[in-house]
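Student: Chains as they are written, first to last, in the numbering used here: chain A, 110 to 373; chain B, 319 to 704; chain C, 16 to 340.
Wrong hints could be hidden among the right ones.
Stated by the list, open to error - Non-contacting residues of chain A with respect to chain B, defined by C-beta distances greater than 12 Å in every case (computed): (1) Met-110; (2) Pro-120; (3) Glu-140; (4) Arg-180; (5) Asp-181; (6) Leu-298; (7) Ile-335.
Stated by the list, open to error - No more than 27 Å apart at the CA atoms, straight line, and that leaves these computed lysine-lysine pairs for DSS-like: (8) B:Lys-603 with C:Lys-246; (9) C:Lys-302 with A:Lys-326; (10) C:Lys-102 with A:Lys-370; (11) A:Lys-363 with C:Lys-302; (12) C:Lys-246 with B:Lys-398; (13) A:Lys-347 with B:Lys-489; (14) C:Lys-246 with A:Lys-356.
Unchecked claim - Estimated spans, in silico, between C-beta atoms of each pair: (15) C:Ala-190 with A:Phe-340: 30 to 38 Å; (16) A:Ala-313 with B:Glu-623: 52 to 60 Å; (17) A:Thr-337 with B:Leu-619: 42 to 50 Å; (18) A:Gly-353 with C:Pro-269: 31 to 39 Å; (19) A:Lys-326 with C:Asn-18: 22 to 30 Å; (20) C:Glu-170 with A:Thr-352: 46 to 54 Å; (21) C:Leu-140 with B:Leu-342: 24 to 32 Å; (22) C:Leu-338 with B:Asp-381: 51 to 59 Å; (23) C:Pro-269 with B:Asp-611: 53 to 61 Å; (24) A:Lys-177 with B:Leu-619: 45 to 53 Å.
In short, the hints are calculated from the structure, not lab data.
No experiment lies behind these values; they were computed from the predicted model shown.
Note that the Cβ used here is the ideal one computed from N, Cα and C, for glycine as well.
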Amino acid sequence: MNIAVLIKQVPVSNDVSVDPVTHALVRASSEGMINPSDLNAIEAALVLKEQTEGKVVVFTMGPPDAEKALRDAMALGCDESCLITDRVFGGADTIATAKVLAEGIKKYGEFDLIMGGALSADGATGQVGAMVAEYLDIPHVTEIQSVSYDAEEPDKVTIIKKFQGLDLTIKAALPALVSVNFGANEPRLATLRTKRAAKSKPLAAYTNAEMGMDPEKVGLPGSPTIVTDSFEPESDRKAEFLTGTPKELAEKLKELIETEKGKE
Amino acid sequence: MEKKKIGIIGGGISGACLGYHLSLYDNAEVIVFEKDTIGGASTAKSAGTVCLFDDSLRNRYWDVRLYGFESYLKMEAEEKGSAGFDKTGTLVVATNEQVEATIKTGIALAKAAGYNGEYITDKDRIKEILPDISTENILGAGYTQDDGYFDGTMISNTYAKKMQKNGGTIKTGVKVTEVLVEDNKIKGLKTDEGETYEFDYVVDCTGPWSKFTGDMVGLDVPIWHTKAEAFFLCPPGKKLSYTFPVLKYPEFYALRAGDNIFICKSHLSMDLSNPMHAGQWDPDKLPATGGTDDYFIDFLLDQLEAKVPGIVDSGLVSSWLSYRAEPKDFLPILGETPVEGYILATGYGGNGVIEAPAASRDLAKLIMRGESTPLLEDWSFKRLMK
Amino acid sequence: MANGICVYAENYNGKIEPVTAELISAAHKIKETTNEPIQAIVAGSECEALVDQLTQSGVDEIYAVKTDRDCAFQDDALSQVVAEMLKKIDPSSVLVPATPMGRSIFSRVAVKLNCGLTADCTELLVDKREDGSYYIKQNKPSFGENVFVTIVTKEGYYPQMMTVRPGVYTPYEGAGEAEVTYFEDISLPESKIEVTSAVPAEAETDSILAAEVVVVGGRGAEEPESFALLKAFADKIGAAIGGTRPLADTGQIPFQNQIGQTGFTIRPKICISLGVSGAIQHTEGIKDTKLMVAINTDENAPIYNIADYGIAADLNEVLKAYLEL
Numbered sequence: 110m111n112i113a114v115l116i117k118q119v120p121v122s123n124d125v126s127v128d129p130v131t132h133a134l135v136r137a138s139s140e141g142m143i144n145p146s147d148l149n150a151i152e153a154a155l156v157l158k159e160q161t162e163g164k165v166v167v168f169t170m171g172p173p174d175a176e177k178a179l180r181d182a183m184a185l186g187c188d189e190s191c192l193i194t195d196r197v198f199g200g201a202d203t204i205a206t207a208k209v210l211a212e213g214i215k216k217y218g219e220f221d222l223i224m225g226g227a228l229s230a231d232g233a234t235g236q237v238g239a240m241v242a243e244y245l246d247i248p249h250v251t252e253i254q255s256v257s258y259d260a261e262e263p264d265k266v267t268i269i270k271k272f273q274g275l276d277l278t279i280k281a282a283l284p285a286l287v288s289v290n291f292g293a294n295e296p297r298l299a300t301l302r303t304k305r306a307a308k309s310k311p312l313a314a315y316t317n318a319e320m321g322m323d324p325e326k327v328g329l330p331g332s333p334t335i336v337t338d339s340f341e342p343e344s345d346r347k348a349e350f351l352t353g354t355p356k357e358l359a360e361k362l363k364e365l366i367e368t369e370k371g372k373e
Numbered sequence: 319m320e321k322k323k324i325g326i327i328g329g330g331i332s333g334a335c336l337g338y339h340l341s342l343y344d345n346a347e348v349i350v351f352e353k354d355t356i357g358g359a360s361t362a363k364s365a366g367t368v369c370l371f372d373d374s375l376r377n378r379y380w381d382v383r384l385y386g387f388e389s390y391l392k393m394e395a396e397e398k399g400s401a402g403f404d405k406t407g408t409l410v411v412a413t414n415e416q417v418e419a420t421i422k423t424g425i426a427l428a429k430a431a432g433y434n435g436e437y438i439t440d441k442d443r444i445k446e447i448l449p450d451i452s453t454e455n456i457l458g459a460g461y462t463q464d465d466g467y468f469d470g471t472m473i474s475n476t477y478a479k480k481m482q483k484n485g486g487t488i489k490t491g492v493k494v495t496e497v498l499v500e501d502n503k504i505k506g507l508k509t510d511e512g513e514t515y516e517f518d519y520v521v522d523c524t525g526p527w528s529k530f531t532g533d534m535v536g537l538d539v540p541i542w543h544t545k546a547e548a549f550f551l552c553p554p555g556k557k558l559s560y561t562f563p564v565l566k567y568p569e570f571y572a573l574r575a576g577d578n579i580f581i582c583k584s585h586l587s588m589d590l591s592n593p594m595h596a597g598q599w600d601p602d603k604l605p606a607t608g609g610t611d612d613y614f615i616d617f618l619l620d621q622l623e624a625k626v627p628g629i630v631d632s633g634l635v636s637s638w639l640s641y642r643a644e645p646k647d648f649l650p651i652l653g654e655t656p657v658e659g660y661i662l663a664t665g666y667g668g669n670g671v672i673e674a675p676a677a678s679r680d681l682a683k684l685i686m687r688g689e690s691t692p693l694l695e696d697w698s699f700k701r702l703m704k
Numbered sequence: 016m017a018n019g020i021c022v023y024a025e026n027y028n029g030k031i032e033p034v035t036a037e038l039i040s041a042a043h044k045i046k047e048t049t050n051e052p053i054q055a056i057v058a059g060s061e062c063e064a065l066v067d068q069l070t071q072s073g074v075d076e077i078y079a080v081k082t083d084r085d086c087a088f089q090d091d092a093l094s095q096v097v098a099e100m101l102k103k104i105d106p107s108s109v110l111v112p113a114t115p116m117g118r119s120i121f122s123r124v125a126v127k128l129n130c131g132l133t134a135d136c137t138e139l140l141v142d143k144r145e146d147g148s149y150y151i152k153q154n155k156p157s158f159g160e161n162v163f164v165t166i167v168t169k170e171g172y173y174p175q176m177m178t179v180r181p182g183v184y185t186p187y188e189g190a191g192e193a194e195v196t197y198f199e200d201i202s203l204p205e206s207k208i209e210v211t212s213a214v215p216a217e218a219e220t221d222s223i224l225a226a227e228v229v230v231v232g233g234r235g236a237e238e239p240e241s242f243a244l245l246k247a248f249a250d251k252i253g254a255a256i257g258g259t260r261p262l263a264d265t266g267q268i269p270f271q272n273q274i275g276q277t278g279f280t281i282r283p284k285i286c287i288s289l290g291v292s293g294a295i296q297h298t299e300g301i302k303d304t305k306l307m308v309a310i311n312t313d314e315n316a317p318i319y320n321i322a323d324y325g326i327a328a329d330l331n332e333v334l335k336a337y338l339e340l
């Protein structure tokens, strides 16, 4: 089974503030890492690959330094990678991002399964995967716990997804796309040796010279939505102190927990 | 008795420990200014090894090492966990005769102070202590069960609490923006809260930030940053079946962190003229994790393959980068400067946790009584002016 | 001309999800300015029953498609139905719950309509363009909750489509009778997805990484009495137990559950920290929580810089009181 894994390089720290004059985002550090749930997707992909043979190719769209995330993914055992990078792809919303990723996957080759993390740690939209599936005209299941393959049913994968206290078993016809929840499995770790080996694994770089997309339909111009402003939340996340007798405090605590649990 | 007012910039191990030692004097009025949290920056990334004998500090400064070690043992005895002591013992490996001689002297000093220590040449015994080690190309190893590593952040916070109990003040989340000097004499400082404080002495305890701190009084503090690059390794099989001791080679050191192993390039192996090792950087830009260089992977792989092959296939859990503040002779800078009342307690490099107690004890005496000590003479700012 | 504020009535097993009433509240806020009708769209095999649940909910119009089978999670097919409905209704805005189901269906709808989809909005504000037309400023958190961004659907793209975070708007108290339209000519296409079973989930794994609710103990919780209370409390609220290094050192929690720089990073929805001082090497391990409550007697503890709520009291007393509730 050939698997494409879509990953995103996210900042190590979500410590971001807003410049009061320009309203531009000021990041505390430029250090990037593989988005946490993408590591769960990579783990699930590597397990499937070991079981079925084939290869795992990891894709990302981002600035040239996103190569680091791809090398890290290859250090975990992914076989090849593809960096989609061009200024014209910058400023993309989820639609314009998915469009380019789908095009990159098509250009790279045929895949039986496309995987990704469920939500990114920075944007947390959880949308790009399903959008890629729509552009590729294949079925998808998002926010899953596991995916398995049975040679008896070679044209399907079996998915476990949690929903409202239920474990759903879902079968998806291949090719399909799934997005994997954070914590769904325990991602393996790179070692010093695999880190070194990853340096010489193949990495394809696609700019728009290779992709040939209409610059008006990608990046910022190709995005139906735009960010017009950014601001810091009113509370600086300094704790609001609760007071009262232990019983009153316990009741307030209970209410907070239950309200938050009630959401979603 | 007239009070002496002292402002300390920086609440890492240096500032917290000095604040505590000053607070022991009745006529000291101390305020520590920390822009973030106590012991939260370089100190938090310190390995915290305080070993009875290793190459981190020359045997000449044995009493510095012993005073630090015993200060923390006492702290830990008063309240368990307050110094974060993990008594794993230490194995110092001799790869050449010079190292061997240093270890043997160290063992003799440790024994004289009442601790256990032995120099082992029986390779089977070395393998019993650390089964994953390679005993080829080594002469022997020094071993003690009595020491281990501490937690610099916990120590800093414990010192901060003790200092507050003695009447000292800690201001966290407060950044010093200006140091006030008149006629080459310290007057006080200003903070980002808009407050002005009057002080007789201002002490720079900002370690890797000292270049920037010194700028505020027009003082060029001669420190370089060397990179402390560290990995947390998850051993094959996820859990070791033995107590991993603090392990010291001239090139690197390792210690356990829970079930993981923390490994770091040693500070004396850093070359101040190698731009990969040393330079002048901005510690505010350091990420909390990550940031290590590629060469470090190759370096560690080669080192572990040759020296501790049993853990070479460990998983890489996380890594971090920290900047050590190092003067060119790798010793701290303590005491008076050309600006009257402006005191330095910086440049500890990788040794802040080891050296801060003895250095602070002597600095407090200098500030409160005007009496210098041989240690302060050795580690004075003057020595670097030559 | 696009007109109407359209709400997606998410449903499962014949039941309209309660979050729909929250979206209707959000729609009413928009209506106050734009005066557009509020529409609900619903599709499902038990369509009549779903429509019944909506008629008194405070929407003006209901548009419905009865599907020939249960189509939950067949989002390749369902998104086609929804896209066709929206083309017919032509609303100016579409509000979707920011739930796994909502974002899964509407991500595909957004591609089909080439209209964009703003994720996880916590505030919707109406503003006016120079030509007098209205548009919605869609505010959403980013980078954890560290900053908020305003997103706008570019002029000329319709509908303005967004998912709205559950729990932000209070549910609308229904009134009035809605006008119902069934689209008989829209049918559910084939799907390549099949749900073969739905069974009550097995007990949550002990993995601290996957846990949505976590209780983290620090040095202040290491006394056996405190730790016993902590465990009982965690049981009661269904939380996994993590600890910072001081607690791991006591052996009361396994190293696998140690969080912080030398342990794991967790991303729970809810985190209750008990006796954690909040030194950076501990708090580095807790990210992106939606609710963090800290209990620590020291009012100046750094943990209160990252917690949403603080309780500066004896954790033993508070936990005892909690267990008696």
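Student: Which of the listed hints are broken here?
Tutor: 2, 3, 4, 5, 6, 8, 9, 10, 16, 21, 23, 24
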